[in-house]
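Asks: Sequence:
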Amino acid sequence: MLHANTTHNRQQPRTTVRFAPSPNGLLHLGHARSAILNARFAAAHDGRFLLRIEDIDITRARPEYEAAIVKDLDWLGLSWSKPVRRQSDHFADYASALTELRRLGLIYPAFLSRSETQARVRDIESTGRSWPRDPDGAPHYPGDDRNLSDAERMARIADGAPHAWRLDMTAALTGLGVGLTWNEHGAGPEGETGRIAADPAAWGDVLLARRDIPASYHVAVSVDDAIQEITDVIRGQDLFAATSVHRLLQHLLGLPVPRYRHHGLVLDGSGQKLSKSDGATSLASLRDQGLAPVDVIALAGLAPDG
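Residue numbers (this note's numbering): 1 to 306.
The set of hints was computed from the structure by calculation and includes no laboratory data.
Be aware that a few hints might be false.
As the list claims (entries may be wrong) - Taking lysine to aspartate or glutamate pairs in the EDC-like style, the calculated list, with each CA pair at most 20 Å apart, reads:
id : residue 1 : residue 2
1  : K82       : E229
2  : K71       : E229
3  : K273      : D199
4  : K273      : E152
5  : K273      : D134
6  : K71       : D288
7  : K82       : E66
8  : K71       : D46
9  : K273      : E229
10 : K82       : E100
11 : K273      : D145
12 : K82       : E192
13 : K82       : D136
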């Protein structure tokens, strides 16, 4: 079982929060909102504000974007505890988690590619049948590979068949007993707060690792939060549903459970959340236009500090 060094701190934990951007693009107002809320929460509770660089996807991460993240946060007047944790330096931690899940018999090699999965689902839906989709709208993995014998799996891997690793959701939920919950001190997209019932089954056999990425976001964030002794996860409402997967992984790996505080998003003119991939205006661009940090804070929907 994976262990985080939290035994002593579970008794009197020091408030610890983190801002965890991916260095695959420039920060925008949504990132500024989350970073500022985390920093202010830490200051209000005499706690620690950490910066984590989520560069587990080494195919997209760029050092120039990490440098830009630091520059933007510094410009906003934020400071954080050192050292900065970079996921690319801690692949062994995620491998340990996957090894434990493999030992428990809860993950399996999945040989269908994303395009093959989508084609399979299109064929099914073309007959008028429905196919389950996760909260992000992606189709559930068909799961045929779940029924392969260990010998068949190992033979295909030995032959060089490309594969990812997925959680066997049915097996993971078997014998769970009481339902998983988390304490929500913020609010979900529909105003959900208080004790929230987790629904990891909504995600199907969730992806945990790929050939080119040693761990999924779900695995890495669950392990990192435990190792860094995060007491309060403050993040956008777009990750509210993903908390169900994180609660399941925390349960399976014996990890501590932080409090969750999901906050509202900064939306564009069409009511959609800001996105790097959609070309949301970056903080660097706003700075170059002559805006001051106080202007950006206002645009992020926050009151001036103090």
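Asks: Does the alpha-carbon distance linking K82 and E66 stay inside the 20 Å limit?
Replies: holds (15 Å)
Asks: Take a quick look at whether K273 and D134 sit within 20 Å of each other, Cα to Cα.
Replies: Holds - the C-alpha atoms of D134 and K273 are around 19 Å apart, at most 20 Å.
Asks: Taken at face value, is the distance from the CA of D46 to the CA of K71 at most 20 Å?
Replies: violated (24 Å)
Asks: Between K273 and D199, is the straight-line Cα distance small enough, at 20 Å or below?
Replies: It is violated: about 23 Å lies between the C-alpha atoms, which goes past 20 Å.
Asks: For the pair supplied as a hint, K82 and D136, confirm whether the alpha-carbon distance does not exceed 20 Å.
Replies: With Cα atoms ~34 Å apart, K82 and D136 exceed 20 Å; violated.
Asks: Has the given pair, K82 with E192, been kept, meaning a C-alpha gap of at most 20 Å?
Replies: Answer violated: K82 to E192 is near 34 Å, above 20 Å.
Asks: Check the hint pairing K71 with E229 against an upper bound of 20 Å on the C-alpha distance.
Replies: violated (26 Å)
Asks: Next pair to validate is K82 with E100; report whether the Cα-Cα distance is within 20 Å.
Replies: violated (29 Å)
Asks: Does the alpha-carbon distance linking K71 and D288 stay inside the 20 Å limit?
Replies: holds (13 Å)
Asks: Check the hint pairing K273 with E229 against an upper bound of 20 Å on the C-alpha distance.
Replies: violated (29 Å)
Asks: Check whether the Cα positions of K273 and E152 lie no farther apart than 20 Å.
Replies: violated (44 Å)
Asks: Would the hint linking K273 and D145 be met if the CA-CA limit is 20 Å?
Replies: violated (35 Å)
Checked against the numbered hints given earlier, this structure breaks hints 2, 3, 4, 8, 9, 10, 11, 12, 13; the rest are met.
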